[in-house]
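> Chains A and B supply the protein sequences, listed in that same order. Each residue of the first sequence is one higher than the last, beginning at 0 in numbering that gives the first Met the number 0. Each residue of the second sequence is one higher than the last, beginning at 0 in numbering that gives the first Met the number 0.
Hints are computed from structural coordinates only; laboratory data are not their basis. Among these hints, one or two may not hold up.
[To be verified] So, partial list: chain B residues that the calculated Cβ filter (under 10 Å) puts toward chain A:
1) Asp-81
2) Arg-150
3) Leu-152
4) Thr-182
5) Phe-183
6) Arg-187
7) Thr-246
8) Leu-259
9) Glu-493
10) Thr-496
11) Asp-497
12) Tyr-499
13) Asn-502
14) Trp-604
15) Phe-606
Backbone N, C-alpha and C fix where the C-beta goes; we use that ideal spot for every residue, glycine too.
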Amino acid sequence: MEIKVNNQDDIKVIKLIGDFDGSSANKVEDNIMPYIENHSRLIFDMGECEYVSSAGLRVLLIIAKKLKSVEGFGVLSNLSEEVQDVMEITGFSHILNSYDTVNEAINYMKKGE
Amino acid sequence: MLRVDTYPTHEHNGIKIRRGKALPFGATIVPGGVNFSVFSKHATSCELVLFKKHEKNPFAIIPFPDEFRIGNVFTMMVFDIDYENIEYGYRMDGPYNPREGFWFDKEEILLDPYAKAIGGREVWGKDPDWDDKFQHRSRIIFDDFDWQGDRPLEIDMKDLVIYEAHVRGLTKHPSSEVKYPGTFTAIRDKIPYLKELGINCIELLPVFEFDEFEHSKISKVTGERLMNYWGYSAVGFFAPKAGYAATGKYGMEVDELKNLIKELHKNGIEVILDVVFNHTAEGNEKGPYISYRGIDNKTYYLLTPQGYYYNFSGCGNTLNCNNPIVRNMILDCLRYWAAEYHIDGFRFDLASILSRDQKGAPMVNPPLLEALAHDPVLGKCKLIAEAWDAGGLYQVGSFPAWGRWAEWNGQYRDDIRRFLKGNGDMVGRIIQRVQGSPDLYSDRGPTASINFITCHDGFTLMDLFSYNRKHNDANGENNRDGADENYSWNFGYEGPTDDYGINRERIKQVKNAITILLLSRGIPMILAGDEFGNTQFGNNNAYCQDNEISWLNWELLESNQEIFDYFKKMIEFRKKHPVLRAEQFKTAYNSSGYPEVSWHGQEAWNFDFGASTLTVAVMFAGGAEDYGTEDDQFIYAAINMHWELHGFELPELPEGKDWHVVANTGMIPPEDMWDENNHKKLADQNEVLVTARSIILLTAK
């Protein structure tokens, strides 16, 4: 799995490329956690992530809880229908809001100010 | 803080290991790796076999060094495991001597009896690779579901209305209009429907991993594949059926089922699991090695002195439930489902087997049943027994209960059916059944009785009034399987008909049945689909039919809307009248100034208890002081199962109250059942005329 991070003003857009499963879960967690500080704002671009396993969802959950604890904010964007369904079915959809595109997510975050 | 025991001490072909913890059994994720622990009393050695997911050949076989064994438990911690992408099993060496009860075979790769998830059948009905020696593969999961404050609902037993459903059958039919038909998640889509109906508990047919291909064959009659559809044959007791999950192909069935339970709870619906501890999927001497047989045959199964399997289950073998090891496994299992899945209760299939000792003889105080009744984790769980087994033990009314166990009341089913069919000799028994079966449960109260007229096993309610005989040819056993005593009646034509009169009679009988069921004290249980007249086309044993025979046809909901409406309003009626849900067999005079339950004939206050008759009326008087209602409640039901019209003289009400009509099954909608606010005052307060095979239900206002 590849992780690309872009800054859009003070928002970090994190693009996950490849399968997000047990073999990449630790890598994602280790790479993302340092970005989480007070009031940090993260957007995950899932456009090139076709599969999120149970371990992957758990990392997202941990990230979401961590963000909440520092009054940060995170959203998902660009989810494939399949991944979106899996999150919905397994009860992980409540952890992070989801937007169709990265731009929508950015707009939402900026308006949220 | 780092623990000092999180470092490997040994290495096997590059894999780092150390001695593990004996408890808990199974595979547990611990810091740095996974702890494996498995019991075998008689094995001489054991190996852990590790596979990459779906691969036929293992990538590692690690023998447990003898120093890792503690007592009869083989333990090992394996470091740096990608837990999500592996499957594991065990190989055990030991004596092979079936006469003595030993079946060890060191070549067989065995499922972990404590596996929390099981691979191999992740997509329902997908042909397995039969060349694969390891068919049911233990997997490792994380029990860290985000419950968001949920816990079991603990609804009072007396208030339950149970809905018995098959996970796949409920939504597999195209008419159910869900995105993922036949799955756990599809049940979520039906929650609004279940709420509208008014049930508050769903009882699921077995959801532990089973093999739908067990005994599977092509039917000579229909050419279709016959499956192990019901699933009363567990492969593993701790893992949900992956093929029931839309996400089973991703190994996420555990989260999917938990999420379903969370959503049901959020909507006020409890979940009871139908659990099958009487036997396993390994069958008899000719069955496969899946797990238990190869791990410790003598411990897990009841064996004859010659080493054969006892068959009290009718399914080839019998689990040795009162062996201390197996007993603990069952306890661990139920605690796990209660604690980790928030399950509200369990219905035990052929529960009488659980009361047999290690030689198969019934015990007075079976330790397993006692342990379950007093278990701390299961302390608020509903425990329901199917109080008989296939070995001839029949304990309805006498199942060892410790004040905790309820029973499927098979007598209720048979007596109500016979009365509905027109057997007046049943009336004495009907009186017992409606009162909650005090003849059976005198010291336990009505809540010990799960009342039902239909369940998965037998005719659907509509079929009960559409067929004289079972029609099980599609099962491929020349119609020999399934019960012969159904007390059913077709009203003059076998099967579906265009005859308006016959169809009216059938619908009326369905309403009569549900009226009696929901007026009876005890816990009502409804078979899914009966509320819209679902049919199995006369098949009364559809255990192998994974097709339109078993799948609920939701189109019938539209054509039989009146049946649904009637069910819904009857459930509502029951909920508004606590006197129907009493926890004691109270019938004597109460604060209303009337007897709490009284029986009447065509003359009020005059019922001949010795008679054979098809006309009987019951009055419930719920005293406001006794039941905490706003006002005294009076319910009167005139039941006429005779083929002619009869007049019933009405009991006089207290000054200022009049009888109002709630329901009249002899009428067609909308006059069959009135809304709460539209109950019509009877013009004649002295008598009601009840048409043939009808029930008139009244309340006082």
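> Does each hint fit the structure? Answer for all of them.
Verification of the hints:
1. Because the beta carbon of Asp-81 (chain B) sits about 5 Å from the nearest beta carbon in chain A, less than 10 Å, this interface hint is met.
2. The closest approach between the C-beta of Arg-150 (chain B) and any C-beta of chain A is roughly 15 Å, which is over the 10 Å cut-off, so the hint fails.
3. Violation of the interface hint for Leu-152 (chain B) is found here, the shortest Cβ-Cβ separation to chain A being roughly 18 Å, above the 10 Å cut-off.
4. A distance limit of 10 Å between C-beta atoms decides the matter here; for Thr-182 (chain B) the minimum to chain A is near 8 Å, and the interface restraint holds.
5. Given hint, Phe-183 (chain B) at the interface with chain A, holds; its Cβ is 8 Å from that chain's nearest Cβ, closer than 10 Å.
6. A cut of 10 Å between beta carbons decides the hint on Arg-187 (chain B): the least distance to chain A is about 8 Å, and the hint holds.
7. Satisfaction of the interface hint for Thr-246 (chain B) is found here, the shortest Cβ-Cβ separation to chain A being roughly 6 Å, below the 10 Å cut-off.
8. Hint status for Leu-259 (chain B): holds, given a least beta-carbon distance of 9 Å to chain A, under 10 Å.
9. Of the supplied interface hints, the one on Glu-493 (chain B) is violated, with its beta-carbon coming no nearer than about 43 Å to a beta-carbon of chain A, more than 10 Å.
10. The beta carbon of Thr-496 (chain B) is not positioned within 10 Å of any beta carbon in chain A (closest approach about 42 Å), and the interface hint is therefore violated.
11. Checking Asp-497 (chain B) against chain A: minimum C-beta separation of about 43 Å lies over 10 Å; hint violated.
12. Look at Tyr-499 (chain B): its Cβ only gets to about 45 Å from chain A, farther than 10 Å, so that hint breaks.
13. A cut of 10 Å between beta carbons decides the hint on Asn-502 (chain B): the least distance to chain A is about 40 Å, and the hint is violated.
14. Interface restraint check: Trp-604 (chain B) against chain A, minimum CB-CB distance 57 Å, threshold 10 Å, status violated.
15. Look at Phe-606 (chain B): its Cβ only gets to about 55 Å from chain A, farther than 10 Å, so that hint breaks.
Consistency with the previously given hints fails for numbers 2, 3, 9, 10, 11, 12, 13, 14, 15, ordered from lowest to highest.
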